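Peer 1: Sequence:
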Amino acid sequence: MKKIIYLTLIVLLSIIIGGCEKATKQPSEATPNLSDQMIKPGDKLDDFLITTGEGEDVFFMSKVHCPYDSSTGIESCAQPVGTKVNVGIAVYDDDPSSGKTLDEYWSEQTHEMFIEGRPVDLQAFGTVDFSSVIGTVRVWDVVVTTAKPGKISAHSTGVVGGDPFDYTAIVTFTSP
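The sequence shown begins at 157 in our numbering and counts up by one.
In case anyone wonders, no lab produced these hints; they're calculated from the structure.
Check each hint, because a few of them may be wrong.
[What the hints assert, rightly or not] Straight-line alpha carbon distances no greater than 30 Å define the calculated DSS-like cross-link-like pairs of lysine-lysine that follow:
1) K307 - K219
2) K200 - K307
3) K196 - K307
4) K219 - K304
5) K307 - K256
6) K304 - K200
7) K304 - K196
8) K240 - K307
9) K200 - K256
10) K240 - K196
11) K240 - K219
Treat the numbers as computed from the prediction; the structure is a model and nothing was measured.
Could you put together the complete structure from these sequences and hints?
Peer 2: Here it is, written out as C-alpha cells:
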C-alpha cells in the first residue's frame with residue numbers, strides 16, 4: 157500500500173511541476189507576413205488604393221516627367237488628392253536602328269516593382285500603351301490614388317534592352 161501512495165505522490169508532483177513550466181511560443185504558419193503578400197488591383201495600403209487605369213483619365217509619371225534626380229533615380233510628383241497616377245516606368249523603342257519592336261523589348265525585359273516595400277503582381281495589373289513623340293510607349297497599368305493627402309513610393313528595378321534600371325516614383329497627394 158505504501159508503494160501505491162508513493163507512486164501516487166510522485167505522479168501528482170510530476171503533474172504539478174509540469175504545469176509550472178513556461179510555455180514556448182511556436183511559430184504560426186497560419187499568419188502570413190503581410191509584407192510578403194503581392195499587391196493586386198484593388199488592394200489598399202493605408203489610405204491608398206492600388207488599381208488600374210481602366211481607360212480613365214490617368215496622370216502618367218513617365219509621360220509628364222516630374223522632377224527627377226539622376227543620382228538617386230528618384231522622380232517626385234505632387235498631385236491633387238483624387239488624381240489617378242500611373243507609377244510604372246515606360247518601355248519604348250528609342251533606337252530605330254536596333255531592329256527590335258516594342259513587343260520584343262517588352263518580352264525580353266525583367267521588371268520588379270515594390271510599393272512601400274511590398275511586391276506588386278505586375279501580371280495582374282496588365283499593361284497600357286500610349287502614343288508619344290517617340291512612338292508607342294508601354295507601361296505596367298499600376299495606378300495609385302487616394303482621397304486623403306499623403307505620400308507613397310513605388311520602386312522598380314530590372315533590365316530593358318540590356319540596360320539595367322533602378323527607379324523610384326514618389327507621389328505626394330496634396331489637398332486641392
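Peer 1: Does each hint hold? Answer for all of them.
Peer 2: Structure-based check of all given hints:
1. K307 - K219: Roughly 20 Å separates the two Cα atoms, so the pair holds.
2. K200 - K307: With Cα atoms ~14 Å apart, K200 and K307 stay inside 30 Å; holds.
3. K196 - K307: 19 Å, holds
4. K219 - K304: With a Cα-Cα distance of about 24 Å, the restraint between K219 and K304 holds, given a limit of 30 Å.
5. K307 - K256: Distance of about 37 Å is beyond 30 Å: violated.
6. K304 - K200: 13 Å, holds
7. K304 - K196: 21 Å, holds
8. K240 - K307: 14 Å, holds
9. K200 - K256: Cα-Cα ~37 Å, so violated.
10. K240 - K196: Holds, because 16 Å separates the two Cα atoms, which is no more than 30 Å.
11. K240 - K219: The hint holds at about 14 Å.
Of the numbered hints listed earlier, those contradicted by the structure are 5, 9.
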